[in-house]
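Protein chains in written order, with my numbering: chain A, 42 to 614; chain C, 14 to 213.
These are computed hints drawn from the structure, not numbers from a lab.
Derived lysine to any residue pairs resembling SDA-like cross-links, with alpha carbons at most 20 Å apart:
| # | chain 1 | residue 1 | chain 2 | residue 2 |
| --- | --- | --- | --- | --- |
| 1 | A | Lys462 | A | Ile443 |
| 2 | A | Lys560 | A | Phe570 |
| 3 | A | Lys203 | A | Ser556 |
| 4 | A | Lys99 | C | Leu20 |
| 5 | A | Lys612 | C | Arg112 |
| 6 | A | Lys612 | C | Arg109 |
| 7 | A | Lys561 | A | Gly456 |
| 8 | A | Lys99 | C | Gln16 |
| 9 | A | Lys612 | C | Gln115 |
| 10 | A | Lys612 | C | Gln108 |
| 11 | A | Lys612 | A | Leu597 |
| 12 | C | Lys162 | C | Ala200 |
| 13 | C | Lys162 | A | Asp257 |
| 14 | A | Lys62 | A | Ala323 |
| 15 | A | Lys99 | C | Ala19 |
| 16 | A | Lys612 | C | Gln111 |
| 17 | A | Lys612 | C | Arg113 |
| 18 | A | Lys99 | C | Gln17 |
| 19 | A | Lys458 | A | Thr562 |
| 20 | A | Lys99 | C | Arg24 |
| 21 | A | Lys321 | A | Pro78 |
| 22 | A | Lys458 | A | Gly568 |
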Amino acid sequence: MSMFGVLQALLFLLCITLLTKPVGLYLFAVYESEAPPLASTLGRLEQLLYRLCGVDPKQQQRWSSYAQSVLLFGLFGIIASFVILRLQQLLPLNPQHMQSVSSDLAFNTAVSFATNTNWQSYAGESTLSHLSQMAALGFHNFTSAAVGIGVALALARGLTRKPGPYGDHCVGNLWVDLIRSLVYVLVPLSLLGMLFFVSQGMVQSLSAPIAAHTLDGVPQLIPMGPVASQEVIKQLGTNGGGFFNVNSAHPFENPTPLTNFVALLLVFLLPAALTYTYGKMAGDTRQGWALFGAMLVLFVVGLIATTAAEQSPNPALAGFPIDHAAGNMEGKEVRFGVFGSALFATVTTAASCGAVNAMHDSFTPLGGLIPLVNIQLGEVIFGGVGSGLYGMLIFAVLAVFIAGLLVGRTPEYLGKKIEAKEMTLAMLYVLIFPLVVLGLSAWAATSSDGLSALGSAGPHGLTEILYAFSSAVGNNGSAFAGLSANAPFWNLTLGVAMLLGRYFMIIPVLALSGSMIGKKTVPKGPGTFPTGSLLFVGLLIGVIVILGALTFFPALSLGPLAEHFAAQYGKVY
Amino acid sequence: MLQQIALPALRVTAVTLFLTGLVYPLACVPIAQLLFPQRASGSLIFDDRGEVIGSALIGQRFASPHYFQGRPSAAGTDGYDASASSGSNFGPTSQRLQRRVQSDLTRLQADNPDQHQAIPVELLTASASGLDPHLSPHATLWQVPRVAKARGLSEDRVAALIAELQEGRDLGIFGEPRVNVLLLNVALDRRFGRLVAVGP
Chain A
42 MSMFGVLQAL
52 LFLLCITLLT
62 KPVGLYLFAV
72 YESEAPPLAS
82 TLGRLEQLLY
92 RLCGVDPKQQ
102 QRWSSYAQSV
112 LLFGLFGIIA
122 SFVILRLQQL
132 LPLNPQHMQS
142 VSSDLAFNTA
152 VSFATNTNWQ
162 SYAGESTLSH
172 LSQMAALGFH
182 NFTSAAVGIG
192 VALALARGLT
202 RKPGPYGDHC
212 VGNLWVDLIR
222 SLVYVLVPLS
232 LLGMLFFVSQ
242 GMVQSLSAPI
252 AAHTLDGVPQ
262 LIPMGPVASQ
272 EVIKQLGTNG
282 GGFFNVNSAH
292 PFENPTPLTN
302 FVALLLVFLL
312 PAALTYTYGK
322 MAGDTRQGWA
332 LFGAMLVLFV
342 VGLIATTAAE
352 QSPNPALAGF
362 PIDHAAGNME
372 GKEVRFGVFG
382 SALFATVTTA
392 ASCGAVNAMH
402 DSFTPLGGLI
412 PLVNIQLGEV
422 IFGGVGSGLY
432 GMLIFAVLAV
442 FIAGLLVGRT
452 PEYLGKKIEA
462 KEMTLAMLYV
472 LIFPLVVLGL
482 SAWAATSSDG
492 LSALGSAGPH
502 GLTEILYAFS
512 SAVGNNGSAF
522 AGLSANAPFW
532 NLTLGVAMLL
542 GRYFMIIPVL
552 ALSGSMIGKK
562 TVPKGPGTFP
572 TGSLLFVGLL
582 IGVIVILGAL
592 TFFPALSLGP
602 LAEHFAAQYG
612 KVY
Chain C
14 MLQQIALPAL
24 RVTAVTLFLT
34 GLVYPLACVP
44 IAQLLFPQRA
54 SGSLIFDDRG
64 EVIGSALIGQ
74 RFASPHYFQG
84 RPSAAGTDGY
94 DASASSGSNF
104 GPTSQRLQRR
114 VQSDLTRLQA
124 DNPDQHQAIP
134 VELLTASASG
144 LDPHLSPHAT
154 LWQVPRVAKA
164 RGLSEDRVAA
174 LIAELQEGRD
184 LGIFGEPRVN
194 VLLLNVALDR
204 RFGRLVAVGP
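This is chain A alone, in the form it adopts within the complex (with noise of 0.2 Å):
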């Protein structure tokens, strides 16, 4: 790494690690307290919203109402959002005079964008009205992140709450959260960002696109949009979206390398200061840096690994009179370079934003592997707004329950006892994951209809393929994006990968949170496990990363490691 690398590194880190707490702060007073700051103005359009949505926000949901609650909520504005594309050629704000999006891609895009995943089997600025672009997806930029923040709520509550005023069984309101999450964290942030990143270059316009006559004589024609007030709720939600075909990589969404920094912030905020509201939640807060530390350490591998397997030239180019020093850049931007590019794969795939700057396709084999590991670990390395907290607690309730096995007692997490009920739940979590991406990409793997969608022919194309199904199940949304994805199989097989990964997950999370929300404390004794400590730490670790391996490594050895060996003897496919 490069001493330019290593100080941006370093700065990231320190960025990140000081804003957790004031930014963990001030979500803990919006989410947990009675009258949340800023009352007097923004508790305004609270109070507002709530009546326009007929909602008391003084009533608690059990965790069967807050999980009906989510489904239904997602249900409608996937709804919504595949009306609107399909019908987008009658709606106003099309000066491209863009055409119906097909029924295969409206229900791919309408589930990705509800899911948090944000798969692109679309290309922006070929497909997408400037409504379709705002309603359709910008709106599921916001409301699936606030829902991924409510999730991860009730579960914390359910783990940290104490028989109380609410009785026993109740983990929190879904409208409750959601709209504080709008009108408190995430419509404020992103005026701000927006401001920053027009600042910078980033387009923010309703016209067509603009006819250019270019110096050495080519017609451009150079597209417009609203894009930067959805690149910043993008980043924040971690949703990753592109406006354009090539998201953040494009001049117009991703403009200079300070935005590349902003951006990135934008996506770690949240998920890590969700760690210390988890802490303060827990009357903790070594609780929560315990998580956050386990984030920090699986972070900070992955991006010394991406770096350095992208610094390295590529061997299918080694007999040619090339000056590498920039490292393998192709697929990458000049004004972000090598490790720009390492710094956002990483950050995109640990949290599962999914946005690119560069093009994972054509990453080395090995720095190829490091984004798809991070997804498949399951998007807890800071992950999703929301999700990765809930899926990190869902690690930590094995970690404990690891800990309990191998001495011999009972396990308990912050007081409360795990139980057979919770093992079988967090094991349900915990195995859809594999079971859907590899059953989806064995069967995409067989078929000609799965086959016929490759760029690459090898080994590579395999990655394709597991990296498209991780990346769906994971809610992540980045691909290797030679395989063209917009085909009917691709689409549906997609789709359905992403249902599966948010929903089917949501559930047993949220039903760990009812099961665990009536049980009492047992005051601490000399042997019960510190989840607060460094031992803690390491063992957190230990668990998602064998549990990953497990799973994965033979998929893996197929795929990039065997590129590795091929290439490193300057195979080529």
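Knowing the structure of chain A, use the given hints to seat chain C on it.
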């Protein structure tokens, strides 16, 4: 039971769709246009007659020897098609990548007969967007002999212009030093006179 949830779910969907899908992005447009009119509208560059040449942020295709050329582009069929941004997405062990590099290399060597140094890798690798407006200073300097000869200028004068237009790291830390190819070519024309394109 379900009705108790379905009704608020429907109303919350409608209200949040209106607020975050319409009010917020539409409100951002006049704010952005008022504060940063030029940037919010695409950082456009105009020629002396007021016609749009392009955007300072979007790379263009240059074929004439008296212009600096950007990176290979996979956007659209001919490259630098701003309505079809795309990378090549060639994998590291792709035979097509090897073939493309070979053919670009032959062309670059033929176009730059006076340059014998190894070719900077950016000039042979397609960018992520296909619209990368930049080159590293190194990759720009590599083309100086050709451009200077085509314009009948000394190499020093061309190199001096590059040094003038070179952008450093943002705040001295972020990103990489770079040269905007379109702005460089515009500056060449303004300073040394516009040559008539001699065709591809």
